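Protein chains in written order, with the working numbering: chain L, 1 to 288; chain H, 1001 to 1498.
Think of the hints as simulated: they come from the structure by calculation, not from any bench.
Note that the structure is predicted; figures quoted are calculated from it, not measured.
Beta carbons: idealized from backbone N, C-alpha and C, even for Gly.
Any given hint could be a false lead.
Said to hold, decoys possible - Taking lysine-lysine and the DSSO-like style, the derived pairs with C-alpha atoms no more than 27 Å apart in a straight line are: (1) K252(L) to K1061(H); (2) K1173(H) to K205(L); (3) K166(L) to K153(L); (4) K1061(H) to K1173(H); (5) K1173(H) to K259(L); (6) K285(L) to K1015(H); (7) K205(L) to K1300(H); (8) K259(L) to K1340(H); (9) K285(L) to K270(L); (10) K1403(H) to K285(L); (11) K131(L) to K285(L); (12) K92(L) to K153(L); (13) K205(L) to K248(L); (14) K205(L) to K285(L); (15) K1053(H) to K1278(H); (16) K1173(H) to K263(L); (17) K263(L) to K1061(H); (18) K1283(H) to K252(L); (19) K1110(H) to K180(L); (20) K128(L) to K252(L).
Stated by the list, open to error - Label pairs and their calculated CB-CB ranges: (21) T1092(H) to K128(L): 52 to 60 Å; (22) E182(L) to Q1068(H): 38 to 46 Å; (23) E182(L) to F1394(H): 57 to 65 Å; (24) A1405(H) to D44(L): 22 to 30 Å; (25) Q1289(H) to P136(L): 48 to 56 Å; (26) G117(L) to D1280(H): 25 to 33 Å; (27) E182(L) to T1310(H): 21 to 29 Å; (28) Q134(L) to E1095(H): 31 to 39 Å; (29) K206(L) to N1191(H): 17 to 25 Å; (30) V1292(H) to T276(L): 58 to 66 Å; (31) Q1068(H) to P271(L): 55 to 63 Å; (32) K128(L) to T1310(H): 14 to 22 Å; (33) F1394(H) to K128(L): 46 to 54 Å.
Unchecked claim - According to the in silico footprint, chain L covers these stretches of chain H (three or more CB under 8 Å from chain L): (34) 1141 to 1147; (35) 1220 to 1230; (36) 1429 to 1441.
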Amino acid sequence: MKSQSNNSSLTMTLAACGLWITLSGCGGGATAATTVTFRPSRPDSLAAETVAPTEATADGAAGEPTTGGVGTLKGRIVLGGTYNPLPPLYAKSAAPKDNDVCGMEAAPNQAVVVNDGGLANVFIYLDKLPKGIQVPAAVSEPVVFDQKYCIFKPHALVMRTGQTVKVLNSDPVLHNTHTKPERNNEFNQSVNQTGAELVYSRPEKKPLAVVCDIHPWMVAYHLPLDHPFATVSGEDGTFEIANLPSGKLEFKLWHEAGKELEKAYKVDIKPGETTTVEITVPAAKLNP
Amino acid sequence: MQLNPEIRTGKPRRKLRPLIGLGLLCAVLGCGEGPPAEFSWRPSTTDMIPAAKKAVQEVMKESFGTPQQLVAWERMPVDFGGVRGDVAAIQTPGEFTLGLADPALASRVKSGMPIVWLTGPQAESKGTQTAKVESFDPKSLLLVSTGGEAAVGDKLLVGYGSQLQLGRVVYMKNCTHCHGVAGDGMGPTANYLNPRPRDFRLGIIKFTSTLSAERAARDDIHRIITNGIPGTYMPSFLLMAPEEKLAAVEYVRWLAMRGEMEKRLGDELADYNEVSLKSDIGKQEEAYQAAVKAGEKPEKPMGLPKALATSAASFKAYQEEDFPTIIDETADFLAETWQKADDPASLVTPQQSRVADSLESRQRGRRLYMSDRTKCYTCHGPLGRGDGGAVDDFWPKPGTTEKYAQRGLHDLWGNKLQPRDLTKGQYRGGRRPLDLYRRMFAGIKGTPMPAFGGTVLKDEEIWDLVNYVMSIPFESRTPSKPPTAAMASMPPESKVDH
C-alpha cells in the first residue's frame, strides 16, 4: 500500500533513533561516584589494636545483694469487672490433629485464666534495674519447659539469660518448639521424648511467644531476663518476689491478652519487710 | 503533521529533521545520571514520632551511610577490603615499611589505593583521602606513598572500603532491580515475581549450610549467587568475575546487617510509634464518647497533642540514658552473630557418611516420612506433592493470637508458603544429597520447616530420608498402593509393596 511504504522509512528512522538512545544508556546509580568513610569500631579504638568489646561491667557480675537491705513484694492480680470463662480450644477427643494424643484432654483457652477473681499468667518484672544494684548470680539448675497432651506446661515462664531451658516432650507425637523473640535468635527445633536444650543469651524487653508449627493452637510465653526480680502470677493471681533491693522500684506488668498492662507500677520496698499489693486489671483491657 | 501519501521517497522527509536532530542530541547526551539512590526505610522507622525517627535515621547514617557515601564500620564483620596497619620503619620521607597484624594481608595492597591516616601529623583530615600508594613491594612491605611525612607508629588504612565500593557497583548493576537498593526485596521488578525476591533486612537467608540458630555463612551466599535458585527468578551468576562475586557477597552481608540493625532499633523503640499512639488515642476517645452517651461520668482522656508531647519528652529522657547502650548492645550482638556464622562449629556436617542409596534405605525413609516421629506428610503430603493437611489450616501470626487471612503456612516475611512439591525433583537450596541433608538437619530458616537433626533423627535416618526424597520424582504418579499412615507402625524389616 502506498501509505505503508511511505511510512516505513519514517518508522525505520524513528526505530533507529530509539535504538541509539537505548544503547547509549540512561546513566544511573550503578556507576555513580561513591566515597567510603572509615568508622572505627569504637570511638576510642582508633589507636587500639583490637576491636573486641570491653569486658562486661558490674551489672552482670555476681555479688552480694545490695547493702541497703532486701524486701519482698507480695500480692494478687485481680480482674475487675465481669468475666466470662472462655470455652476450650477443643473439647476432649475433638483435637484437630493427632486426636489420639492431643484429644486426651480438652485444651483450655489460656488467653485469660481467672480463678477466684484472680488473673493468672501475668508477668511482673523489673524492666530497668536501679543504679548500683548487684545482681545475684544465676542459678545453675535448668528450668523445665514441657508439653503434654499438646499443651505447653507451664504456659508462662521466666528464666535467666544463660540459664538452660530443658525443653521436654511428654507426648508420643512430634512437637517442634519455635520461639519468636525480638532480641535473641529464633529457636526452631523438633523435639521428641529426649528433649532439647534452649538458652537465651540476651534479656528481652517483653515476653516472647513460643509456638509449635505442627499444632497451631499451642502457645506459651517466655521472658528471659538478666536478673531474678521477676515472676508470673499463679492460678489464682497471687505472686511473690523475694530479695528485692529496697527503695522505690517500678514494675512492668504484661499479660498476653492485654499486652502491656502497666508500664511502671511503683512500689516502695522497705528492707526486711513484705509489701503487699492488690492490682486490679479492668476486664476491658484484656482483648482475648 | 500531515504525511502526503503521494510522495514516494526512501529519504526521511524534511519535516522529520528536527525530530531526528532531537534524537541524535538525546543519544549523545544520554539520559543523565538520574536521582541518587537512597536506602528505603522500614515502616517501623517512618511511623515513629519525629524525634525518634530522626535519632534512628541518624544512627543508621553514621553507621552505614548512604548508597553514595558508604561508611565502612569496622565493628561489623564485613570484609571491607584493604588493610589496616601502621608505620613500622621509615626509609626516606614518603617511603616506609608497612607493619601489618597479619603479613598475609600484604597481597591486598595495590598501587593507586588511597591511604587514610588515622593518627600522626596527617591525621587532621581524618577520614578523607590525602595520599595514594605509588608502589608497594609485598615481600619487603615497602610502601611508597604520594603523601608527606609519617612517623614510626602512625596508624593508617590502605584502600579500606575498596571491596565494599566494588560490591556496591556490582550490586547496583545486577541486583537492585529485584532486591532493591537497601536489599528490601522491593526493587522495580519485584511486584511481578513469585516468589518475591528476598528481603535481606531480617538477616535471614533460607538456604544455608549452618545450624538452625545461626546466620548464613559467606559460602552460602556465594553459592546462591553462583548457582542461582532453581524454581525462582534468582539467576546464576556463574560467569561473573570471582572478585566481583566476592565483593557482592560482602555487600549483601553488609546490607543484611544494616537492615537487621534498623529492624532491631525499631523493635527497641516500639513504644514511640506515632501510628499506634494515634490509634490508641482514637480508641480512648471512642470509649469516652460511648461512656458519656451511656450517662456515665468518665475521666476525659489525654488528647493527641498531649500524648505526642509526653511521648516526645519520654523519648528525650530515653535517648540520653538508655539509647546509646541499646545501640551498642545491638551492634555487638549483630557483630557476634554474623561472625559466628562463618565459624566451623556452625556448619552442619554429617557425622555419618551417606547411607548408600538402595531400595531398603528408601523404604526406611518412606516409613520415617509417614511416621509421627517426623510428620513430613502433614505438610508435604502423603505423595510428596506439598498438599498435606497443614495447608488447609489457618495459622496464627507469630507472637499474636491473630490468624493469617489466608489458609496455609507462611514464612517470616509474611508470604504464603506452599510446602515443597517433592515430586518435581527441583530443590531450591541445592540438589546434592548433602544439601537435602542440611535442609532436614537444620530446617529452613524463616519458614515452618523445623530442624530434625541432633534431637529427633539420627544421621543414618536423615540419609534414609534423603534417599527416599530423591526417589520421589521417580515413583509412579499413581502408585497401586499409596503410602498410608499404617505404614508408620510396621516393623522396619517388613516388606513394603510399591
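To see whether the hints hold, each was checked on the structure:
| no. | hint | verdict |
| --- | --- | --- |
| 1 | K252(L) to K1061(H) | violated (33 Å) |
| 2 | K1173(H) to K205(L) | violated (40 Å) |
| 3 | K166(L) to K153(L) | holds (12 Å) |
| 4 | K1061(H) to K1173(H) | holds (23 Å) |
| 5 | K1173(H) to K259(L) | violated (45 Å) |
| 6 | K285(L) to K1015(H) | violated (76 Å) |
| 7 | K205(L) to K1300(H) | violated (31 Å) |
| 8 | K259(L) to K1340(H) | violated (34 Å) |
| 9 | K285(L) to K270(L) | violated (31 Å) |
| 10 | K1403(H) to K285(L) | holds (21 Å) |
| 11 | K131(L) to K285(L) | violated (32 Å) |
| 12 | K92(L) to K153(L) | holds (18 Å) |
| 13 | K205(L) to K248(L) | holds (20 Å) |
| 14 | K205(L) to K285(L) | holds (20 Å) |
| 15 | K1053(H) to K1278(H) | holds (16 Å) |
| 16 | K1173(H) to K263(L) | violated (48 Å) |
| 17 | K263(L) to K1061(H) | violated (31 Å) |
| 18 | K1283(H) to K252(L) | holds (22 Å) |
| 19 | K1110(H) to K180(L) | violated (47 Å) |
| 20 | K128(L) to K252(L) | holds (9 Å) |
| 21 | T1092(H) to K128(L): 52 to 60 Å | holds (59 Å) |
| 22 | E182(L) to Q1068(H): 38 to 46 Å | violated (32 Å) |
| 23 | E182(L) to F1394(H): 57 to 65 Å | violated (25 Å) |
| 24 | A1405(H) to D44(L): 22 to 30 Å | violated (51 Å) |
| 25 | Q1289(H) to P136(L): 48 to 56 Å | holds (50 Å) |
| 26 | G117(L) to D1280(H): 25 to 33 Å | holds (27 Å) |
| 27 | E182(L) to T1310(H): 21 to 29 Å | holds (24 Å) |
| 28 | Q134(L) to E1095(H): 31 to 39 Å | violated (56 Å) |
| 29 | K206(L) to N1191(H): 17 to 25 Å | violated (34 Å) |
| 30 | V1292(H) to T276(L): 58 to 66 Å | violated (36 Å) |
| 31 | Q1068(H) to P271(L): 55 to 63 Å | holds (59 Å) |
| 32 | K128(L) to T1310(H): 14 to 22 Å | holds (18 Å) |
| 33 | F1394(H) to K128(L): 46 to 54 Å | violated (39 Å) |
| 34 | 1141 to 1147 | violated (count 0) |
| 35 | 1220 to 1230 | violated (count 0) |
| 36 | 1429 to 1441 | violated (count 0) |
The structure is inconsistent with the numbered hints 1, 2, 5, 6, 7, 8, 9, 11, 16, 17, 19, 22, 23, 24, 28, 29, 30, 33, 34, 35, 36, although it conforms to all the rest.
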